Amino acid sequence: MKRIVVLAVLMVAGFAARADAKQVKFTGPHPIHSKGGGYCYIEAPHVHIYGPTGKAEAAYRDSEGGHFFVGDPVPHGYDGPRHAYNGHHPITVHEDTEFCYLNGPHYHYFTPEASVDFEVRGGVYYYVGHFPPAYAEAKVEYAPVNAYYAEYTYARPVVVVEPPAAAVYGVVGVPVVGVGVHAHGPVVHGGVAAGVGVHAGVEVSVPMPSVEVTVPGVIVEEHHHPVYFHGKHKHGKFKRWRH
Amino acid sequence: MRTRAPIMMAVLVGLFALACGKDKSVSQMLQAWKAAGLEPSQFEKADTKLGARCESGSVNGVETMLCEFKDASAAKEAEPKGLELVGETTGASLSKGRMLLVVADRRNADPNGKHIQQITKTFRQ
Numbered sequence: 001m002k003r004i005v006v007l008a009v010l011m012v013a014g015f016a017a018r019a020d021a022k023q024v025k026f027t028g029p030h031p032i033h034s035k036g037g038g039y040c041y042i043e044a045p046h047v048h049i050y051g052p053t054g055k056a057e058a059a060y061r062d063s064e065g066g067h068f069f070v071g072d073p074v075p076h077g078y079d080g081p082r083h084a085y086n087g088h089h090p091i092t093v094h095e096d097t098e099f100c101y102l103n104g105p106h107y108h109y110f111t112p113e114a115s116v117d118f119e120v121r122g123g124v125y126y127y128v129g130h131f132p133p134a135y136a137e138a139k140v141e142y143a144p145v146n147a148y149y150a151e152y153t154y155a156r157p158v159v160v161v162e163p164p165a166a167a168v169y170g171v172v173g174v175p176v177v178g179v180g181v182h183a184h185g186p187v188v189h190g191g192v193a194a195g196v197g198v199h200a201g202v203e204v205s206v207p208m209p210s211v212e213v214t215v216p217g218v219i220v221e222e223h224h225h226p227v228y229f230h231g232k233h234k235h236g237k238f239k240r241w242r243h
Numbered sequence: 001m002r003t004r005a006p007i008m009m010a011v012l013v014g015l016f017a018l019a020c021g022k023d024k025s026v027s028q029m030l031q032a033w034k035a036a037g038l039e040p041s042q043f044e045k046a047d048t049k050l051g052a053r054c055e056s057g058s059v060n061g062v063e064t065m066l067c068e069f070k071d072a073s074a075a076k077e078a079e080p081k082g083l084e085l086v087g088e089t090t091g092a093s094l095s096k097g098r099m100l101l102v103v104a105d106r107r108n109a110d111p112n113g114k115h116i117q118q119i120t121k122t123f124r125q
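As they're listed, the protein sequences go chains A and B.
So for the first sequence, our numbering puts the first residue at 1; every next one is plus one.
So for the second sequence, our numbering puts the first residue at 1; every next one is plus one.
Pulled out of the complex, with its shape left as it was, chain B reads as follows:
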């Protein structure tokens, strides 16, 4: 009975995290985008100067990067740097919890922004 205690604790911690709306991981975001009808590519590790662990790929032809920071304030503070990465094109840099989403439509794959709307809306949910 005593050996089950750590397992029970882990389960409780997991349930607590879910109840508190734990930030989605990159793989969870990819699944969420697929569930929203989007078509994300495979994401690969991205080397940036944002000071976080980042992965990038594309979603319906829109360049997309997800970065995981140590805490929410660090992710929020990184939003302007994310916009620097967007550069001279249509894009966005949004944080939610410890995650930062950066999207850039460099190839004009989304001229009316409907895909970016779905990408950002799903990220913020």
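Chain A on its own, in the form it takes in the complex:
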């Protein structure tokens, strides 16, 4: 009994008021940006005494007064359910629409909202809608997320089924590549090796507006040799944004 009383006193002392706390608020799970790294699984709003810095900031969006992680959780040691995506796409963050600028195949711990235009092929989500002006406006700020993930070597999802023709990726020269195959698009900058047999990050600055570009990709398993196909995406002609 005496031990319980002592423990209770310690607990109360522990919750004594602490002023000037250096707290950083997060509003979902996220990588741990402190010594040791790892992944924090707390979904509810919570605080840490560290925050995202440098390149990692591009993997977060401000939501409900805190940081909401929208990057790929896998290279940070995340061991929960994961969902494969290919290319850029909208994300619903606490009822707001944000955009993921991760090039090529990558994972998220969440699935898309049913009301957003996605198609699933071979277990991979493709965005098949139209990007609104807000996507292009925020790209300068958030596209550097690819430089952040270039620092990690991990197994990204491998795309082995032909993407839907209507897929939009947000980049030219889409990095949809199977084992041991390189895509050769009109590369201007980028080119990031990202894990076993997958090469991602081939990106081109797209002149705006109304520039038509082709989107090459590669089918790997359905044929016994790589076969290029062409899709079309017209930039600068966005339809009304739906979500």
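Hints are supplied without guarantee of correctness; some may be wrong.
Which residues of chain A face chain B? A few of them, derived with a C-beta cut under 7 Å, are [stated by the list, open to error]: (1) 35; (2) 38; (3) 40; (4) 42; (5) 46; (6) 47; (7) 48; (8) 49; (9) 50; (10) 138.
One side of the interface only, derived from the structure: several residues of chain B facing chain A at Cβ under 10 Å [stated by the list, open to error]: (11) 79; (12) 83; (13) 103; (14) 109; (15) 113; (16) 120.
Since the hints were derived computationally from the structure, they do not count as laboratory data.
Owing to the predicted nature of the structure, the values given are computational and were not obtained by experimental measurement.
Note that beta-carbon positions come from the ideal geometry of N, C-alpha and C, so glycine has one too.
With the hints as your guide, set chain B onto chain A.
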């Protein structure tokens, strides 16, 4: 027959409260955490300046406090004060109905937050 009326009324009120999702008491929360596979300690009365009746203990080594306010808005308004109590460590301050939950991992007992995730998820259900 007439003497049973107050009992029937009490039963109806109880059923109505259950149907409306009545806030869990501290003891009910402890049971819920146990059912979720967590290991809460015994909770004791905590003396805080939150203006509510509070009890604190630990859940899987994470300092945990539950406070019961007079109404939901008072509990919501107390969330920032709860974060002040967390201080410079990993923690959370969340309200649900009249209850406020404050957790603080001062001993780094939960480095990846999986226990805090379970504690908060169970509290919010």
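These are the hints, each one checked on the structure:
| no. | hint | in the structure |
| --- | --- | --- |
| 1 | 35 | violated (11 Å) |
| 2 | 38 | holds (5 Å) |
| 3 | 40 | holds (4 Å) |
| 4 | 42 | holds (4 Å) |
| 5 | 46 | holds (4 Å) |
| 6 | 47 | holds (6 Å) |
| 7 | 48 | holds (5 Å) |
| 8 | 49 | holds (5 Å) |
| 9 | 50 | violated (9 Å) |
| 10 | 138 | violated (28 Å) |
| 11 | 79 | holds (9 Å) |
| 12 | 83 | holds (6 Å) |
| 13 | 103 | holds (8 Å) |
| 14 | 109 | violated (12 Å) |
| 15 | 113 | holds (4 Å) |
| 16 | 120 | holds (4 Å) |
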